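Novice: From first to last, the protein sequence lines stand for chains A and B. The first sequence lines up with residues 1 to 337 when you count with our numbering. The second sequence lines up with residues 1001 to 1337 when you count with our numbering.
Hints in this document: simulated from the structure, not taken from any laboratory.
If you only want the chain A side, here are some residues facing chain B, beta carbon under 7 Å, derived:
#1 N56
#2 A161
#3 T183
#4 Y219
A few chain A residues that don't get close to chain B, going by computed Cβ distances all over 12 Å:
#5 G36
#6 L42
#7 V82
#8 R86
#9 V116
#10 G274
#11 S277
#12 G291
#13 G309
#14 L330
#15 M331
#16 A337
Source: prediction; values computed, not measured. All C-beta atoms in this analysis are idealised placements derived from N, C-alpha and C, irrespective of residue type, glycine included.
What follows is the residue order along each chain.
There are 2 protein chains.
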Amino acid sequence: MGSIQENENGRRGGGEEVILGVDGGATSTVCVCVPGDISHPLPILGRAITACTNHNSVGEPEARSMLKQVMLKALSEAGSKVSDVRAICLGVSGVNHPKDEQRLLCWLREIFPSHVKMYVHNDAVVALASGTMGKLKGCVLIAGTGSISYGCTEDGRQARASGAGPVLGDWGSGYGIAALALTAVMKAHDGRGAQTLLTRCILDSLSLSSPDEIIEWTYADPSWARIAALVPIVVSCAEAGDPVAHEILNTAVYELALSVKAVVRKLMLAGEDGKGSFPFVMVGGVLEANGKWDIGQEVINAILQTYAGAYPVRPKVEPAIGAALLALNLMLKEMEA
Amino acid sequence: MGSIQENENGRRGGGEEVILGVDGGATSTVCVCVPGDISHPLPILGRAITACTNHNSVGEPEARSMLKQVMLKALSEAGSKVSDVRAICLGVSGVNHPKDEQRLLCWLREIFPSHVKMYVHNDAVVALASGTMGKLKGCVLIAGTGSISYGCTEDGRQARASGAGPVLGDWGSGYGIAALALTAVMKAHDGRGAQTLLTRCILDSLSLSSPDEIIEWTYADPSWARIAALVPIVVSCAEAGDPVAHEILNTAVYELALSVKAVVRKLMLAGEDGKGSFPFVMVGGVLEANGKWDIGQEVINAILQTYAGAYPVRPKVEPAIGAALLALNLMLKEMEA
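Looking at chain A on its own, in the form it has when it is part of the complex:
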């Protein structure tokens, strides 16, 4: 190990081995730089943030350029250099297939020396690790702008559900909830559906005067995050007793619980009798306590009805730290093997 130095920010760095953990969701990408040895709590030497790096959304050249930038920025924040990197773990939305993993690994090899350990996963994997201190065991549900369920067993079997983007019906995601709310406003306006408090609240929030103008608003910017940002309005309308908003949130809870149950069943995470215990990690803005109408708590209730042994975990560290912890654990496993 190199000597420990203080950088300008009073942080260690320069010569000491570090690990990069990256979490790339549908809205933003976070990279943290942590020491290459294990300590608890893990000190964060550097942290950088950029926009969405899903290659499906922004294109591969743009995704790579942004991933490179955010990693170099976190390194620079830590006062570290590329040659200090011992391991990298990327958890990026858009990694849906082994060939996506391979492409990213090949690209990382062009930037970092060959001795650097590299791990590439879907962002759901590092979110799971953020709730299990780096262990890949249990099930995670992410519901932010997008949504995905992912699970892993100790012997390495994996499964996922949802996470296929807005065209393919992720109706429990923030985007899905908000799109259903906008649809409800259009339906109330043209006579296909019941009147709803959502109309006034959404029009006010978007500074529009008529539901007709929502059509142009949705086309004006294809960003899902912009649409997902309407979720708090749906929650507050449901809390105010609006039955249409209430129904939309119930649909979201049903869809989110359905995707978790599909993963738990496929991997038999609760054992053969369905009564076994497993961590159920919950990540993302949609699942955070919303006040009276708590989507996360409703999903927990729905899961516990089927799998009483599930124990809900709301991670105390962010998914990027989960990525770093996962890299540490995977390195340890490789050393043990």
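Following the hints, put chain B in place on chain A, whose structure we already have.
Specialist: Positioned in the frame of chain A, the structure of chain B alone reads:
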């Protein structure tokens, strides 16, 4: 009237007054050039076609440039000149608000002399006119790549439903049907839904080997028409007895009928007792006879259950001709007034 001349194609043109009728849908835009006097059947002097000219989809400069090109091409086909144009009727998807109409009218004024009569409508309006020989009375349902219901009364009251694009839940459209089918394949794959024949048929049709690859496929090209092109597969799976495909088509029929009924109710097209008679014009690939599973016939059945006086019309002329007929009718009305 100018003298009638033969152009190179043996068509009349040059100096004779003509009318341009334009139909711009979610997939393509058609312009026809017809004589400025009324005759039956209406001879088509020129016809040109280009891609989607919805300003929401392709941007305003591109939409205008393409509209101008397609009109000039139809004129040139007819051997006519800009100075021969007596009237223009544009029916373009994306015209959802009076300000959309005004913008297009101002732009047309820059291209055509001030004596030219100009009419700008949503494409649903000219589709209605194609089934009523240019009269704005009754209800039209378009279900192609997108879907919309539109109705008009003799005293000029109008209403519409759906037609708000894929974000806003046009589930009866070709895009909507195909998106639900793709979602069903993803749900069957990850354990959220029942197995379905759609999986094999859609993967074969797209030359993909696994449902995971559908995610990348949907992102690769945002064109709705590409997704809507899967509708015949859904129909053939339903005809083969697949319950998932059958359910998707039932949902589409329900949504399409819902939007028609909303318009009929709002305008009281069937009178106060709901038994009055009105034309119900049906346009678009989704509503054309599909074989055993006939979406259009199912929609007719659903409408007739509520409004027995509706008489279904499948237009014998294309919507662009409807636009030209509408221009002729509107001009006549103005002359009478």
